[in-house]
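2 protein chains.
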Amino acid sequence: MAIVVGYVPTKEGRAALRRAAEEALLRKSKLIVINSNRGGRDYDGDEAQRFEAELSRIQGELDGHGVEHEVRQLVRGNEPAEDLIAVAEEEQADFIVIGLRRRTPVGKLILGSNAQRILLDASCPVLAVKASS
Amino acid sequence: MAIVVGYVPTKEGRAALRRAAEEALLRKSKLIVINSNRGGRDYDGDEAQRFEAELSRIQGELDGHGVEHEVRQLVRGNEPAEDLIAVAEEEQADFIVIGLRRRTPVGKLILGSNAQRILLDASCPVLAVKASS
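Sequence order for the protein chains is A and B. So the first sequence is numbered by UniProt numbering: it starts at 1 and just counts up by one. So the second sequence is numbered by UniProt numbering: it starts at 1 and just counts up by one.
Simulated from the structure, these hints should not be mistaken for lab results. All C-beta atoms, glycine included, are put in the ideal place defined by N, C-alpha and C. Worth double-checking, as some hints may not be accurate.
Computed cross-link-like contacts, DSSO-like style, restricted to lysine-lysine with a CA-CA straight-line distance of at most 27 Å [said to hold, decoys possible]: (1) A/K11 <-> B/K11; (2) A/K28 <-> A/K11; (3) A/K28 <-> B/K30; (4) B/K11 <-> B/K30; (5) B/K28 <-> B/K11; (6) B/K28 <-> A/K28; (7) A/K30 <-> A/K11.
Covered stretches of chain A (chain B as the covering partner; in silico rule of three or more C-beta atoms under 8 Å from a C-beta of chain B) [unchecked claim]: (8) 19 to 27; (9) 67 to 75.
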């Protein structure tokens with residue numbers, strides 16, 4: 001059993017990582033962080049640094065509790081959604097954790113295509129979390 | 001802390017209820033089942049009976065483990081999504097559990113409006129589960 005989360009260096013991605021780690025600790029499930037590494041557009045160096053820092057902190061905490069974890073670098077040329085779903089199936093994951101953007105009071109936000117795809121196509125449950133502010 | 005789930009007498013609703021109960025047991029969180037009770041369209045007596053049977057079984061199991069639970073009958077005239085979100089906020093829920101329909105191999109399914117609303121508007125995490133077959 002495992003908890004699967006994407007390597008997504010944004011505020012929402014960080015919230016998802018944090019929650020995924022909490023769930024891994026609670027269940028003593030392995031945490032798998034999937035880096036589909038497409039870089040390019042939307043890349044934000046500051047967020048990437050924050051994500052890395054959070055990841056290091058989490059890895060230390062999981063080590064401290066004897067909970068297995070790994071970062072998988074995938075270069076399969078897939079959409080991130082496909083990678084997450086495929087790994088979740090291979091590992092019979094407890095669930096996939098994804099981050100969602102918060103809707104603004106006036107904004108009519110629709111779900112991003114990756115999020116929607118994971119929600120609809122993953123056979124395991126999907127835990128959707130928001131950033132805390 | 002609590003796990004919040006809708007009273008939704010469908011195959012997906014039953015899967016959500018089951019998973020919500022598992023999570024409540026794991027965390028020793030209270031399980032709150034929200035019945036917005038709009039009846040009418042889509043009402044399926046067989047599914048309602050199955051849901052009731054599952055709920056009774058689950059209530060027994062939660063009692064056996066000393067985990068608190070309740071069914072709240074809400075007649076606020078709200079959409080079910082609003083009721084779930086409101087209760088989740090009042091109770092500072094761990095998360096809301098919702099059921100999603102499985103996409104058919106050919107079908108281009110989009111998320112139902114209630115599901116989409118809960119995913120976008122709930123401030124707590126949302127766990128989306130599918131029926132097992």
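Practice problem: Output the numbers, in ascending order, of every earlier hint that fails for this structure. | Solution: 1 and 9
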